[in-house]
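Enquirer: Sequence:
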Amino acid sequence: MAATASIGGGRRLALAATLLCAAAAMAAAQKASGVRVTYDWTSSYRPQETNWDLKSSSVYCATATFDVMPLSWRMKYGWTSFCGHVEPGGDI
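Quick note: the sequence shown uses the numbering used here, first residue 1, plus one each step.
Calculated from the structure, these hints are not laboratory results.
If you're wondering where the values come from, they're calculated on a predicted model, not measured in any experiment.
Just so it is clear, CB atoms sit at the ideal spot from N, CA and C, and this is done for glycine as well.
Some clues are possibly wrong.
[Stated by the list, open to error] For lysine to any residue, the following SDA-like pairs were computed, each having C-alpha atoms within a straight-line distance of at most 25 Å: (1) Lys76 - Gln48; (2) Lys76 - Glu49; (3) Lys76 - Asp53; (4) Lys76 - Thr50; (5) Lys76 - Asn51.
[Claimed, not checked] Pair ranges (Cβ atoms, derived): (6) Ala24 - Trp73: 29 to 35 Å; (7) Glu49 - Cys21: 45 to 51 Å; (8) Arg12 - Gln48: 52 to 58 Å; (9) Trp73 - Gly10: 46 to 52 Å; (10) Ala25 - Glu49: 16 to 22 Å.
Assemble the whole structure, with the sequences as input and the hints as a guide.
Expert: Here you go:
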């Protein structure tokens, strides 16, 4: 009976180690390097002034949702994440 308890404890330990590794992998997958976020408050990137029209504001993330999501969604969630102007050369 002691051997059976030992096997069960080993399985629990293996399961705990697997879950810990999975959690660490998920956390590592959310990291980014070389990412720079800037926001220019003096630019024309003002959703209220453009009536939440993503296309007219020249934001690089606009194509991801502007045709699919309704105006109510764009107003509720502030358009989408990682929006910004496209520089003249196409650089962000």
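Enquirer: Look at each hint and say if it fits the structure.
Expert: Quick rundown of the hints versus the structure:
1. Lys76 - Gln48: 12 Å, holds
2. Lys76 - Glu49: Satisfied, since the Cα-Cα distance of roughly 16 Å is no more than 25 Å.
3. Lys76 - Asp53: 14 Å, holds
4. Lys76 - Thr50: Status holds; Cα separation ~15 Å.
5. Lys76 - Asn51: Since the Cα atoms of lysine 76 and asparagine 51 sit roughly 13 Å apart, the hinted pair holds (cutoff 25 Å).
6. Ala24 - Trp73: 29 to 35 Å: 34 Å, holds
7. Glu49 - Cys21: 45 to 51 Å: Once the Cβ atoms are compared, 49 Å apart, the range 45 to 51 Å for cysteine 21 and glutamate 49 holds.
8. Arg12 - Gln48: 52 to 58 Å: Holds - the Cβ-Cβ distance for arginine 12 and glutamine 48, about 55 Å, lies within 52 to 58 Å.
9. Trp73 - Gly10: 46 to 52 Å: Holds: the Cβ-Cβ distance is about 50 Å, inside 46 to 52 Å.
10. Ala25 - Glu49: 16 to 22 Å: 43 Å, violated
Going down the numbered hints, you'll see the structure goes against just number 10.
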